[in-house]
Every structure is written in structure tokens, then in C-alpha cells.
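Got chain A sorted already, so can you dock chain B onto it with the hints?
Protein sequences appear in the order of chains A and B. The first sequence runs 1 to 115 under my numbering. The second sequence runs 1 to 214 under my numbering.
Everything labelled a hint here was simulated from the structure, so no lab data went into it. None of the hints are false.
Listed below are the simulated EDC-like cross-link pairs for lysine to aspartate or glutamate, each with C-alpha atoms no more than 20 Å apart in a straight line: (1) B:Lys-93 x A:Glu-18; (2) B:Lys-137 x A:Asp-49; (3) B:Lys-122 x A:Glu-34; (4) B:Lys-83 x A:Glu-34; (5) B:Lys-122 x A:Asp-94; (6) B:Lys-93 x A:Glu-42; (7) A:Lys-67 x A:Glu-34; (8) B:Lys-93 x A:Glu-55; (9) A:Lys-75 x B:Glu-147.
Coverage of chain B stretches by chain A, computed from C-beta distances (three or more under 8 Å per stretch; other residues unrestricted): (10) 49-60; (11) 91-99; (12) 102-116; (13) 131-140; (14) 175-188.
For glycine and all other residues, C-beta sits at the position ideal for the given N, C-alpha and C.
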Amino acid sequence: EDAVAQQKVEIDNAIAMERIRETIRLDPSLPWTETLVVSYPETVDVDVDDDLNRELAFYKQALHCAKEAKTLAAKHNFPFTRPADYFAEMVKSDAHMERIRQRLLDESATIKRSD
Amino acid sequence: MNDLEALLPHVKKDAKLDSKNHLNLLPELADLNNCNNALYFEARRHEDLYLWAAKTPNGPSIKMHVQNVHTMDELKMTGNCLKGSRGILSFDKAFDESEWGRLTKEVFTHIFGVPPQARKAKPFVDHVLTFSLLDNKIWFRNFQIVEKDPLQPNGPPQTSLVEIGPRFVLTPIRIFEGAFGGATVYSNPEFVSPAAVRSALNKERGNRYKSRKF
Numbered sequence: 001e002d003a004v005a006q007q008k009v010e011i012d013n014a015i016a017m018e019r020i021r022e023t024i025r026l027d028p029s030l031p032w033t034e035t036l037v038v039s040y041p042e043t044v045d046v047d048v049d050d051d052l053n054r055e056l057a058f059y060k061q062a063l064h065c066a067k068e069a070k071t072l073a074a075k076h077n078f079p080f081t082r083p084a085d086y087f088a089e090m091v092k093s094d095a096h097m098e099r100i101r102q103r104l105l106d107e108s109a110t111i112k113r114s115d
Numbered sequence: 001m002n003d004l005e006a007l008l009p010h011v012k013k014d015a016k017l018d019s020k021n022h023l024n025l026l027p028e029l030a031d032l033n034n035c036n037n038a039l040y041f042e043a044r045r046h047e048d049l050y051l052w053a054a055k056t057p058n059g060p061s062i063k064m065h066v067q068n069v070h071t072m073d074e075l076k077m078t079g080n081c082l083k084g085s086r087g088i089l090s091f092d093k094a095f096d097e098s099e100w101g102r103l104t105k106e107v108f109t110h111i112f113g114v115p116p117q118a119r120k121a122k123p124f125v126d127h128v129l130t131f132s133l134l135d136n137k138i139w140f141r142n143f144q145i146v147e148k149d150p151l152q153p154n155g156p157p158q159t160s161l162v163e164i165g166p167r168f169v170l171t172p173i174r175i176f177e178g179a180f181g182g183a184t185v186y187s188n189p190e191f192v193s194p195a196a197v198r199s200a201l202n203k204e205r206g207n208r209y210k211s212r213k214f
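Looking at chain A on its own, in the form it has when it is part of the complex:
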């Protein structure tokens, strides 16, 4: 039985994509504070299945960008750090955070018990 190998048609129309990108591009003269985009100067190049190293690479990327964003924010006179007396609604509710804390406590208690 000779099955015809299905060949997927690969489309990679770089010219069209570039044109589209040009049409939707944000004005480059916009100040950085409009978009808050930071590019990481390195590529993440780790083994995909290595969970620990992969997450570490993402963490490094985020940390690098956070630091860079902080310096950029200082340059643009943009408020970055939240003052300690500024309270507002958080993404996760207090009840949820309490549950997380409880779980952490439980975990450390289990570790202690097994020691």
C-alpha cells in the first residue's frame, strides 16, 4: 500500500507580513511609557523538557526586563514602585492569598515533621 505522504503547504510570506506590520506599527516616536515594552537581548535557549532550567531562563528574562524597565522608568520620570501606603484592589483576593499562605505553612510543617 503506497500511501501518499501528506505534505503540508508551508506559507511564510515575509513580504506580506512586513507590509502588515508596517500598517499597524505604533508610532516609534511614542515615549516608552506608552507601551512599556522591553526586549530581552538574549534568546532563551534551553532544553524544553528541562522544567527547572526552562523556568529559570524565563525568570532571568523577566528579572532582566524588570530591572531595565526600572531604569527606563526613572529616566522618563514615570512612577514605578508602589508606595507602601497605597492600597488598592489586588488581582488575587485576600481570601485567596490566605489560602496560599496556609498551604505554604502546611508544607513547611510537613517538612519539619518528617525531619
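Here is chain B on its own, set in the frame of chain A:
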């Protein structure tokens, strides 16, 4: 997916769209809501989730397959951030190395970047949205920026990160010229649809049975 809504203060959520075949309604809907970007989650066969990220009304749009979703409700991620604070968008360098990567970066910048005048936005920055290209997939992570060292509260401020979530992996499938349609300008040659994977698995199981039986 309410997580994304919580993180992006400028979004407007709309109810489910009941037909999967009339995607061309979506730009109209977006227009009714005064939106010029749209994220549309499409669930198929109760197990596959696709995400459309589109600029409406003129495109382009990117269709992606969503995998490995962890929501913020899970207890493993201990970070927290202000509701409605503007996140920093971080892209790694791999996005700049291919044309589709650059286009994706541009679209994501539009969609996930919170405009400073957004009504519900808070004036401070306390989290980072990380997009990394690895293995031709886009890995999404969200970290809280912690400025204080928890061990030395009075020591010098030290920036560290705590993951907030959600996290997910996006596999780009196709990029279309228009919003939810139009000519394909990019298709991922490596993408295999999850249904094909499952059917291949089933077939293999069937073959095993056959070879055992005869």
C-alpha cells in the same frame, strides 16, 4: 481565562459566541464595543483550546493553540499584584529574528500593552508579562516585581520576582492578513493538530491490538 481580564484593565469582555462558523461576526462585535484588538478563545471538542489574537477591523490575526494552562487560582503561585496596574511586556530576542515573530510581537504589544490613559489602570508598575520563544512556541509567564527582600525588610531594595500566573504555552498555527480571515501569510509547518495526535495514538493502539490478535 478571566485571569487575562483581571490583568488587562482596558479590556471589555463579551459573552460567548455561539457559532464557530461565523467568525466574521467578531470584528463587528469588537467594533460595537469600541475595541480595536480582539482576543477570542475558541474551544473545540471540549478539550482543545485555540486563541485568536486579532487587530480589528483590518487585521492581521494570529491563530494559536493553547496548551499547558495554569490559572491564577492554583495555589502554587504565590505572587500578587495590583488589579489594573500596567505590566511591563518583555519579549526575548528570538521574536526579532523572524518576520512572523516581529509581527507577533507587534500585535501582542498592541493587545497586552495597557494604554496609560486606560480608565481602570493604576499608576504603578508591579508585574512583568514575559513572552519567550522556545521550541517555536510562545511561553507566557507573569511575574510580580518584589522590591523588598523579605529576609531583610530594612535592607537595601533588591528586585526579585514571584510568579503570579497564569501561565500557558501558545503554538502559532497561522497568521491571516485580515481580522479572523483573509489570506494566510504564515503557517507553521511544525504544527500538528491535537486531533491528529490523538487519532494517531488511537491508531497505534489499534495496531497493537491487531498484531497481538493475529
